[in-house]
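Novice: Residue-level listing of the chains:
Protein chains: 2
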Amino acid sequence: MKFFFKPRGIAIAGATPNRRKGGYSILYNVRQGFTGPIYPVNPRYDHIEGLACFPSVMDVPDPVDVAILFVPAPAVPDMVSQCARRGLRGVIVESGGFSEVGPDGRSLQTRLHDISQETGLRVWGPNCMGLIDMAAKTVFSFVSPMIWEEGLIRGGVSLIVQSGMLSGGFLIDAMTHGDTGFSKICSLGNKVDVNECEILEYLLNDDATQTVGLYLESFVDGRRFMDICAHSNKPIVVLKGGKSSGGARAAMSHTASLAGNQQVVSGALAQAGVTEASDFKQMIDLCRGLADAPPPQFTSQGRIAVLTYTGAGGIVSVDFMEDMGLTLASLSGETLKALQTVYPPWMPPANPLDLWPAMERQGPLTALSVALQAVCADPQVDGVLLHSFVGAILSAKDLKEVLRGIPSTGKPVFCWLMGPKREIRDSKDVARAYGVPVYRELRRAVECLAAFFRH
Amino acid sequence: MKFFFKPRGIAIAGATPNRRKGGYSILYNVRQGFTGPIYPVNPRYDHIEGLACFPSVMDVPDPVDVAILFVPAPAVPDMVSQCARRGLRGVIVESGGFSEVGPDGRSLQTRLHDISQETGLRVWGPNCMGLIDMAAKTVFSFVSPMIWEEGLIRGGVSLIVQSGMLSGGFLIDAMTHGDTGFSKICSLGNKVDVNECEILEYLLNDDATQTVGLYLESFVDGRRFMDICAHSNKPIVVLKGGKSSGGARAAMSHTASLAGNQQVVSGALAQAGVTEASDFKQMIDLCRGLADAPPPQFTSQGRIAVLTYTGAGGIVSVDFMEDMGLTLASLSGETLKALQTVYPPWMPPANPLDLWPAMERQGPLTALSVALQAVCADPQVDGVLLHSFVGAILSAKDLKEVLRGIPSTGKPVFCWLMGPKREIRDSKDVARAYGVPVYRELRRAVECLAAFFRH
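Chains as they are written, first to last, in the numbering used here: chain A, 1 to 455; chain B, 1 to 455.
There are no misleading hints in this set.
Any copy, or any two copies together, can satisfy a pair, since identical chains are not distinguished.
Simulated pairs of lysine-lysine, BS3-like, Cα-Cα distance not exceeding 30 Å: (1) Lys234 - Lys400; (2) Lys6 - Lys234; (3) Lys21 - Lys421; (4) Lys234 - Lys2.
The hints are simulated quantities; they were obtained by calculation from the structure and are not laboratory data.
Turn these sequences into a full structure, and let the hints guide you.
Specialist: The following block contains the structure:
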């Protein structure tokens, strides 16, 4: 699969100077990051945006490994045949209009399948959004060029998504909200040839990928998929679309997928050590927690210290923790002694630790630092759920000071963060740098911490 | 209770020019919006920030109805007695250090209780964050003055919160993210006298309040509370803290609450027509959906049209809908005919409506407008779940154009919104103006739509 991610040269069929068309976006995006030769293909132009344009794929010079096709579906099969004859290794078909639209599209897709089988040319798609590699800054996709104006964050989360629009939506949304650092995003569409098993294997061997999240409507080869997951030492998160009977019918018309029996699928995923997600953003949140936090210790039992500035938050945390199989750590005498140095005499420290009285007494920075260091060093604590309110109580700079002081025990610290909008983003950046996953909803923070300990 | 919200004059005991103290924040906040006379009380100063300061509550001139107390707990009971002698109608005790901190605090709280009983002076708190009225712009709270720098949004959601820090956190967070318009926010703390039943009744009679959300750790009078809820024609949402055994223990030390049997509580809430929430932000999201959307029709059955730009979103929506008791509307022939005018001939429109092919053909604005108007006019559709991706596909201005065209059928339109950060906020404002609640997670959007139809 490497030639798809790092081709020596790339042809773009359907490239156009019309800025309102996807074929323009593809050309624009490829030029932003890809450093090899780029060959627009369109018989109507000699040049597009200063690049020489070729009437057909057959005319494209060497070196060229991959073509991206964004032309009407009926023209795709012949063009794919040409790509095979021209000696390309792979094509990414981003056009729609195949199995997802009825009998005519199905027969087009069957032709694609046959050409791929006969020639050995690898076909990615159709009906997909291609691939994005954040480290290489290569975007082989018609995703809106506005992505470049936002601060793309590199990180350890890679995605495989069986949907075109959604992976674009995912990316733009997640990127511009500064939550998650991504490595590779792969939109597979109808999976006529290249499938989730191959890409998953590639990503599990990719040094930049720490966790893989997948949105799938079907499994091409369920047994092989579960086998790959069971042998992975990187965490894998799966969101399976089409769980309900109505959803399964809709999946049929979306990517022509047979959804399979949900109970069987869930059981197999759990057995293979996969974390199952139920919603799109939640899937990203789970991936982030599993990618950003340090790998769990062998002895971890899920005994959690809760540090909060609000008693109510502590109470509801414990409600969620009991629900999700985490336990409230019973703090050691040494920890309690350390806490007493910052707590007022009238308040004996107890887990969940409501630090507000200590914050009032010692200042938020001191109270939180002393408490966090004490619980991280406590052998009876496996992980920390930190509630933070940035802005009024703690600035992003303070948060950095606090997190810098955590002893390197490798214990996970997951954070529920509230505060005014502008402080939130800075604090997220700080937290990410220290391997602390940040969540905006308490339930989600506990859910991701629980997934971390299950893994 | 009206004098708490609209006092003729207000005294602030513990007022100080020291900007790092809560007593400064209270004075600052009160001065921002309250138009009646303000009397700082502190024996150490003649003047604070240009206002005459009084050595004791006894020295404060008329008119004065309410005092806010922010002084150390041991000094509170005597000061409350003075307030009664001075003829005040109520005090808001924002100081902590009462029942939540052990035997000494408990005896202080008992004294407060007795004084209130003997004198008839109403006591709000202690250990609370006071109250905020967004319409009157009165903030009787030590909440950080930074709230004034953000765009406070007025709206129909009122909150009653049995926690101090949390209501501040709630407010600042919700306010600065531009999601929810609030009317009144009431932080009750330990509820020594003023309780949730009285405030709830007040808010149900408040014209500016459309929906009330409550975070409670205990019910002062469960029977009366359920009775008020059962007779309310405004939607009520309750988040009950301390559901688990560990959470109940934590609630005991937080606001000294006996949490009660959760199953009994949940059953009674459901019977009283209350929507039960499970998390903080989710509670606000539920309130927002119930406050912003038009009141449901008598004939509403929860038959939903799903309008999406991503097949995957449609599929997962149907999964959630089946889970939560909503059904996929079977569209009328007339609606299908209208949709065919924007869909490409190779794609027969079907609910969930994947509009992407129609958007490519007609432009997003036309495709979405035609589809939304058709489903809203369809007698077989009770509500709409709209997926929107703003930015690349649709600008906030386009969204306005689309929503403006909705026929006034009174059918709820709930929106799952993705997109780049800066477009999101503008689009939220647009949607709110048209009574369309916006959610950032698909599951949440469906959950709130289901709560709307249950109500």
